[in-house]
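Add chains B and C to chain A, keeping to what the hints say.
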Amino acid sequence: MMLVALEFLGLVAFAASGALAAVRARLDVFGVIVLGLTTALGGGIIRDVLLGVHPPTTLRTWPYLTAGAVAAILVFAFHPQVARLRRPMLVADAIGLGLFATSGTGVALALDVPVYTACLIGMTTGIGGGAIRDLLVGEIPLVLRREIYALAALLGAVLVGVGHLADLPATPVLAVASGVVVAVRLIALWRQWHAPVARET
Amino acid sequence: MMLVALEFLGLVAFAASGALAAVRARLDVFGVIVLGLTTALGGGIIRDVLLGVHPPTTLRTWPYLTAGAVAAILVFAFHPQVARLRRPMLVADAIGLGLFATSGTGVALALDVPVYTACLIGMTTGIGGGAIRDLLVGEIPLVLRREIYALAALLGAVLVGVGHLADLPATPVLAVASGVVVAVRLIALWRQWHAPVARET
Amino acid sequence: MMLVALEFLGLVAFAASGALAAVRARLDVFGVIVLGLTTALGGGIIRDVLLGVHPPTTLRTWPYLTAGAVAAILVFAFHPQVARLRRPMLVADAIGLGLFATSGTGVALALDVPVYTACLIGMTTGIGGGAIRDLLVGEIPLVLRREIYALAALLGAVLVGVGHLADLPATPVLAVASGVVVAVRLIALWRQWHAPVARET
Numbered sequence: 247m248m249l250v251a252l253e254f255l256g257l258v259a260f261a262a263s264g265a266l267a268a269v270r271a272r273l274d275v276f277g278v279i280v281l282g283l284t285t286a287l288g289g290g291i292i293r294d295v296l297l298g299v300h301p302p303t304t305l306r307t308w309p310y311l312t313a314g315a316v317a318a319i320l321v322f323a324f325h326p327q328v329a330r331l332r333r334p335m336l337v338a339d340a341i342g343l344g345l346f347a348t349s350g351t352g353v354a355l356a357l358d359v360p361v362y363t364a365c366l367i368g369m370t371t372g373i374g375g376g377a378i379r380d381l382l383v384g385e386i387p388l389v390l391r392r393e394i395y396a397l398a399a400l401l402g403a404v405l406v407g408v409g410h411l412a413d414l415p416a417t418p419v420l421a422v423a424s425g426v427v428v429a430v431r432l433i434a435l436w437r438q439w440h441a442p443v444a445r446e447t
Numbered sequence: 247m248m249l250v251a252l253e254f255l256g257l258v259a260f261a262a263s264g265a266l267a268a269v270r271a272r273l274d275v276f277g278v279i280v281l282g283l284t285t286a287l288g289g290g291i292i293r294d295v296l297l298g299v300h301p302p303t304t305l306r307t308w309p310y311l312t313a314g315a316v317a318a319i320l321v322f323a324f325h326p327q328v329a330r331l332r333r334p335m336l337v338a339d340a341i342g343l344g345l346f347a348t349s350g351t352g353v354a355l356a357l358d359v360p361v362y363t364a365c366l367i368g369m370t371t372g373i374g375g376g377a378i379r380d381l382l383v384g385e386i387p388l389v390l391r392r393e394i395y396a397l398a399a400l401l402g403a404v405l406v407g408v409g410h411l412a413d414l415p416a417t418p419v420l421a422v423a424s425g426v427v428v429a430v431r432l433i434a435l436w437r438q439w440h441a442p443v444a445r446e447t
Numbered sequence: 247m248m249l250v251a252l253e254f255l256g257l258v259a260f261a262a263s264g265a266l267a268a269v270r271a272r273l274d275v276f277g278v279i280v281l282g283l284t285t286a287l288g289g290g291i292i293r294d295v296l297l298g299v300h301p302p303t304t305l306r307t308w309p310y311l312t313a314g315a316v317a318a319i320l321v322f323a324f325h326p327q328v329a330r331l332r333r334p335m336l337v338a339d340a341i342g343l344g345l346f347a348t349s350g351t352g353v354a355l356a357l358d359v360p361v362y363t364a365c366l367i368g369m370t371t372g373i374g375g376g377a378i379r380d381l382l383v384g385e386i387p388l389v390l391r392r393e394i395y396a397l398a399a400l401l402g403a404v405l406v407g408v409g410h411l412a413d414l415p416a417t418p419v420l421a422v423a424s425g426v427v428v429a430v431r432l433i434a435l436w437r438q439w440h441a442p443v444a445r446e447t
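Residue numbers (the working numbering), protein chains in the order written: chain A, 247 to 447; chain B, 247 to 447; chain C, 247 to 447.
Simulated from the structure, these hints should not be mistaken for laboratory data. Honestly, I wouldn't trust all of these hints.
[As the list claims (entries may be wrong)] Chain C is faced by these chain A residues, among others (derived, beta-carbon under 7 Å):
#1 Leu297
#2 Gly298
#3 Pro360
#4 Val443
[Said to hold, decoys possible] Negatives, chain A to chain B, calculated, CB over 12 Å:
#5 Val250
#6 Phe276
#7 Arg306
#8 Val316
#9 Pro334
#10 Val337
#11 Val408
#12 Pro415
#13 Ala416
#14 Ala429
#15 Leu435
The beta carbon of each residue, even a glycine, is placed where N, CA and C say it ideally should be.
Isolated chain A (complex conformation):
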């Protein structure tokens, strides 16, 4: 129940980030909705295409579609205020990342794929929507540059995988792993952690 509420929050945060990117790229209201939904649902669609779940769950769960579209429309209407909400948005985005990465891993494990495959698919579920968003507005995906983003998602996925191997109950493992992703991501933002960049030639 708590998890469902948090998953919704994550989905809404992703939809808002996509809609905000669309507003910045001067798209019209329909482009804002399309980009918001694509960002919110993209990770789950990639996960289901990789796992062979047809049609993708996110496309046949209407509350997801409604929540994403409403979030995008609100951003379109109130975008100056939303853009000022930078800190809450980053928190919500981190929650979305954590929940999508860990639940994606859980969905993959439930379909009996190898554990390390499930972790990779879970990480992709977390970062996929944002990557598509950046590609569509013509930018190098931020996830490729903000290392602690993808690394945090992978860490959460690996925790779920380890919990699965240790036969721990799934719900608390998901909750703890999501929390770790959020904590790592927010501490990285707060402390401005960066991974090394290759030295200039």
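The following block gives chains B and C in isolation, referenced to the frame of chain A:
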């Protein structure tokens, strides 16, 4: 029969638009063919990947492949003339959009997915090829900026969904819905309809 | 056995080319690994998504993942030296292209798709990883501009298809077809073959 002829026209129009974009990006003849085929077949491939139809229908229907390749080669050979055919191209493109969006919805409904899911997949079938085309030549997909494009596709898909719910016979519904897409798209072009853009901050 | 060794070499070459592109785009070490793996595994993932093999083979073969990640890390650490290895890299990349295009065709044929469909999927397997790499760093995919690249992949795929129709034994056909791809690609580089570009308007 009529529908098959129109579907061919739509496919050829999409192939020509991809080939024209490739010529403008200074690609060579093989790049022109690849981009033309990708544009023509992309929407159907996305549809089949989402629905779990393997391998995608468009990749195993050789008349489609032949027609798309021939259209791309003709554009390569005669592109100044084709570029001048702006108006007929837009009409053909609108017909392709209408037929792909409505037939995509029909294919999804035949596989028993929920109606709103089928509408989303149908819309994606209509706009997918053009979005891939724009991504590959490094542009923000036009569909995100020309709202009446995606909106027209969605409208056609919804009409097919409503017809399905009302248990109407499929062929006339597809024909009417395609016609509505074409009409809305062309009137929007003619009247220069635009959806609102967010106000500047 | 020989083929497995060469397939590994191809995978490593693709991972290195992705990692090198990431270093040039100033990505950090994690972005370098992600882009290296995406380039090395992308073609096989597209192939398996199109064919309905779930989850994709490349995501559940840990030696592939390990080899790709190690190659990317080595490029990150020694990239000035690797960048100087331009010639050996192009040879390894050509070997990868040949093996991926021909083995992709073979995998598709084993699943009983039509021969020309298998050739298209094989060509896509060979060129897919590089196309994703270029998209992610914001460039028009090189494959669209270096015609003899995609054309060589298609040629190898067609040879495998012809061998299949003629009922020849698979392994020697794969070996010969891969060799032809490598030869055509390297001769094209050496002789600077170009396909025609459309004349200016």
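At 12 Å, judged by beta carbons, does Pro415/A keep clear of chain B as stated?
holds (32 Å)
With chain C as the partner, please determine if Pro360/A meets the hint condition of a C-beta pair closer than 7 Å.
holds (5 Å)
So Val408/A supposedly isn't at the interface. Is its beta-carbon more than 12 Å from every beta-carbon in chain B?
Non-interface label stands for Val408/A: nearest chain B Cβ at 31 Å, farther than 12 Å.
Could you check that no beta carbon of chain B comes within 12 Å of the beta carbon of Val316/A?
holds (15 Å)
Val443/A was flagged as interface toward chain C. Is the shortest Cβ-Cβ separation under 7 Å?
Hint on Val443/A: holds, closest Cβ of chain C at ~5 Å, below 7 Å.
Status of Leu435/A, Cβ more than 12 Å from any chain B Cβ
For Leu435/A, whose nearest Cβ neighbour in chain B is about 23 Å away, the distance exceeds 12 Å, so it holds.
Would you assess whether Pro334/A, listed as outside the interface, keeps its beta-carbon beyond 12 Å of every beta-carbon in chain B?
About 18 Å separates Pro334/A from the closest Cβ of chain B, which puts it past 12 Å; holds.
Distal placement of Ala429/A relative to chain B, Cβ over 12 Å
Ala429/A clear of chain B: closest Cβ-Cβ about 32 Å, beyond 12 Å.
Could you let me know if the closest chain B CB is still more than 12 Å away from the CB of Ala416/A?
holds (26 Å)
Once the closest CB in chain B is found, is it more than 12 Å from Val337/A?
holds (22 Å)
Have a go at the Leu297/A hint: is there a Cβ in chain C nearer than 7 Å to its own Cβ?
holds (6 Å)
Compute the least Cβ-Cβ separation between Val250/A and chain B, then decide whether it is above 12 Å.
holds (20 Å)
The structure shown violates the earlier hints numbered 6 and 7.
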